[in-house]
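Trainee: Listed in order, the protein sequences are those of chains L and G. Going left to right, the first sequence walks through residues 0 to 370 as numbering that gives the first Met the number 0 numbers them. Going left to right, the second sequence walks through residues 0 to 202 as numbering that gives the first Met the number 0 numbers them.
Simulated from the structure, these hints should not be mistaken for lab results. Keep in mind the model is a prediction, meaning the values are calculated, not measured. Just so it is clear, CB atoms sit at the ideal spot from N, CA and C, and this is done for glycine as well. Some hints here could point you the wrong way.
Reference excerpt, derived from the structure (chain L facing chain G, CB under 8 Å, subset only) [unchecked claim]: (1) E187; (2) Q188; (3) W203; (4) L214; (5) Y263; (6) E269.
Here are the simulated DSBU-like pairs of lysine-lysine, each with C-alpha atoms no more than 30 Å apart in a straight line [as the list claims (entries may be wrong)]: (7) L:K205 to G:K184; (8) L:K89 to L:K123; (9) G:K96 to G:K184; (10) L:K153 to L:K123; (11) L:K242 to L:K205; (12) G:K96 to L:K205.
In case you want the letters, here they are:
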Amino acid sequence: MQFGVFSVGDVTTDPTNGRTPTEAERIKAMVTVALKTEEVGLDVFATGEHHNPPFVPSSPTTMLGYIAARTDRLILSTATTLITTNDPVKIAEDFAMLQHLADGRVDLMMGRGNTGPVYPWFGKDIRDGIPLAIENYHLLHRLWREEVLDWEGKFRTPLQSFTSTPRPLDGVPPFVWHGSIRSPEIAEQAAYYGDGFFANNIFWPKEHFIRLINLYRQRYEHYGHGQADQAIVGLGGQVFMRKSSQDAVEEFRPYFDHAPVYGYGPSLEEFTEQTPLTVGSPQQVIEKTLEFREHFGDYQRQLFLMDHAGLPLTTVLEQIEMLGGEVVPVLRKEFESMRPAHVPEGPTHAAIKAAAEERAAAAIVTGVEAQ
Amino acid sequence: MSRRSIVVVSGGLNEPSTTRMLGDMLASATRRVLGERGVDTIVDVVELRDHANDLTNRLTTGFASGSLTSVLDTVAGADGLIVVTPVLSGSYSGLFKIFFDVLDRDALATKPVLIAATGGTPRHSLVLDHALRPLFSYLGAVVVPTGVFAATEDWGAGSDQALPVRAQRAGAELAALVAREPLPKPIDAFDDVPSFERLLGGD
Numbered sequence: 000m001q002f003g004v005f006s007v008g009d010v011t012t013d014p015t016n017g018r019t020p021t022e023a024e025r026i027k028a029m030v031t032v033a034l035k036t037e038e039v040g041l042d043v044f045a046t047g048e049h050h051n052p053p054f055v056p057s058s059p060t061t062m063l064g065y066i067a068a069r070t071d072r073l074i075l076s077t078a079t080t081l082i083t084t085n086d087p088v089k090i091a092e093d094f095a096m097l098q099h100l101a102d103g104r105v106d107l108m109m110g111r112g113n114t115g116p117v118y119p120w121f122g123k124d125i126r127d128g129i130p131l132a133i134e135n136y137h138l139l140h141r142l143w144r145e146e147v148l149d150w151e152g153k154f155r156t157p158l159q160s161f162t163s164t165p166r167p168l169d170g171v172p173p174f175v176w177h178g179s180i181r182s183p184e185i186a187e188q189a190a191y192y193g194d195g196f197f198a199n200n201i202f203w204p205k206e207h208f209i210r211l212i213n214l215y216r217q218r219y220e221h222y223g224h225g226q227a228d229q230a231i232v233g234l235g236g237q238v239f240m241r242k243s244s245q246d247a248v249e250e251f252r253p254y255f256d257h258a259p260v261y262g263y264g265p266s267l268e269e270f271t272e273q274t275p276l277t278v279g280s281p282q283q284v285i286e287k288t289l290e291f292r293e294h295f296g297d298y299q300r301q302l303f304l305m306d307h308a309g310l311p312l313t314t315v316l317e318q319i320e321m322l323g324g325e326v327v328p329v330l331r332k333e334f335e336s337m338r339p340a341h342v343p344e345g346p347t348h349a350a351i352k353a354a355a356e357e358r359a360a361a362a363i364v365t366g367v368e369a370q
Numbered sequence: 000m001s002r003r004s005i006v007v008v009s010g011g012l013n014e015p016s017t018t019r020m021l022g023d024m025l026a027s028a029t030r031r032v033l034g035e036r037g038v039d040t041i042v043d044v045v046e047l048r049d050h051a052n053d054l055t056n057r058l059t060t061g062f063a064s065g066s067l068t069s070v071l072d073t074v075a076g077a078d079g080l081i082v083v084t085p086v087l088s089g090s091y092s093g094l095f096k097i098f099f100d101v102l103d104r105d106a107l108a109t110k111p112v113l114i115a116a117t118g119g120t121p122r123h124s125l126v127l128d129h130a131l132r133p134l135f136s137y138l139g140a141v142v143v144p145t146g147v148f149a150a151t152e153d154w155g156a157g158s159d160q161a162l163p164v165r166a167q168r169a170g171a172e173l174a175a176l177v178a179r180e181p182l183p184k185p186i187d188a189f190d191d192v193p194s195f196e197r198l199l200g201g202d
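Just chain L, with the same shape it has in the complex:
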């Protein structure tokens, strides 16, 4: 099981002192968060992609390349990469390049984006959201697997004798997750390719996500990639911790009450009861996160939202230290002890490469036997 932090990259005023970080401060803060994530023993840092204020991360591979150079072990990922409005050729090139530089520590998560105006800025139409996600990803998938490609589709200029460079590191494409909070079509897409499915469950009650993940698992099995319980599932989480849960609630409440996503709506108590948000002691976070497994089955990646809603960087870093120091070691042990042997661990480049080599060796043996 892989644990990590995902960041939206919002520039939000701290409601307790009215201070708003500059874009430069926020960008550097995201890097600091990523470095801290590795330092405390977590596995993954993922950045969002946005093209409008108040968000800073418009250029994820630039940021991840910089982080790659300053880390050794951390998996660098996205949450999400906009498969609808980015050119799939450029995604293929950018992430293949990043994968070489990062020595195989890169994977990425496809998403459609939830900001309507972004589509026309990039010459697209939001009503084509699903068809764009389907066609663009199919092209990306082929670009990484076919050396020379002829291609024609609805949304992009055709390609003739095109080779996307650099070719994927070790001949195996980066692992891909498909993120969705709503659309069964995306669960179907992830299942079809045998890719991962990430359900960002943090803002809604679990019932909806149970249906979505069950659909993905069933279809994963249908398409012959393995049993339903072997499908690769990722989940979100959102926590704020202090030793005493009362201190946590008191400190986090002003951030909750003014947060861009859920502020001015339900109370902190109502929201924590109905969604994965946990504001309390590390022990409460452990208990709530272990419940995810009961609802969604054994899963492979758990990402936490930590730096948002105007929380100061020092507080965020303290939170990540508690996560790495007190919460995740317990979760690792618990999840690992419950995971059946046939359920895969979190995806890595090394494992994908080994599996590809095994398949190639098996193919040679079969070829020899056939002669």
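Guided by the hints, dock chain G onto chain L, whose structure is given.
Mentor: Chain G alone, transformed into the frame defined by chain L:
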């Protein structure tokens, strides 16, 4: 004896509320006519005032609380609806509109609906045909021909007793639609996911 469910959605804000009284009057008129046809009727009443906070929370968060979810399910599962709103600023109340904004888009498709409203003066009575009827047409409901508007004078001592007569006619119209076999429910998105080959083919 066959059985049908009617849900009254009342947007009344006061206690006691004439909006609720009108809803009850229409429900009993409908129940009476269904009873004459040998249909047993279960009536549920939803007072939107009780869910005011949950409704605005639903707008900000995108999900419904447990109790609001069960109310939305009750309305979606009804064989017929009686919807009653007070007239505020010349139209249905904001609370009334929020409820139908957060109801599933297809929940009212082909559902028989009786529209009704209350106001201080009969000069507001066209709210039925200028505001409520278009809203429920948009939602795909089958709106019965007779809408019922009750002004203050309809409840007063000098009332001409036209209101009960009109309520009776509207109730009979709703009963006639509710007594029929219900049309099939719309297909759930999760039960009808196109296979990936079809998605890829651009169908």
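Trainee: A separate judgement is required for each hint: does it hold in the structure or not?
Mentor: Each hint, compared with the structure:
A distance limit of 8 Å between C-beta atoms decides the matter here; for L:E187 the minimum to chain G is near 5 Å, and the interface restraint holds. Hint status for L:Q188 relative to chain G: holds, with the closest Cβ pair at about 6 Å, below 8 Å. Interface restraint check for L:W203: the shortest CB-CB distance to chain G comes to about 5 Å, inside 8 Å, so the restraint holds. Checking L:L214 against chain G by beta carbon gives a least distance of about 6 Å; that is within 8 Å, so the hint holds.
Checking L:Y263 against chain G by beta carbon gives a least distance of about 6 Å; that is within 8 Å, so the hint holds. A distance limit of 8 Å between C-beta atoms decides the matter here; for L:E269 the minimum to chain G is near 7 Å, and the interface restraint holds. Distance restraint check for L:K205 and G:K184: the Cα-Cα separation of roughly 25 Å lies within the 30 Å cut-off, and the hinted pair is therefore satisfied. For the given pair, L:K89 sits about 16 Å from L:K123 by alpha-carbon distance, which is consistent with the 30 Å threshold.
With a C-alpha separation of about 23 Å, the suggested pair G:K96 and G:K184 falls inside the 30 Å cut-off, and the hint holds. A threshold of 30 Å between alpha carbons decides the hint, and for L:K153 with L:K123 the separation of about 12 Å falls inside it, so the pair holds. With a C-alpha separation of about 27 Å, the suggested pair L:K242 and L:K205 falls inside the 30 Å cut-off, and the hint holds. Note on G:K96 and L:K205: the hinted pairing holds, with a Cα-Cα distance of about 27 Å set against a maximum of 30 Å.
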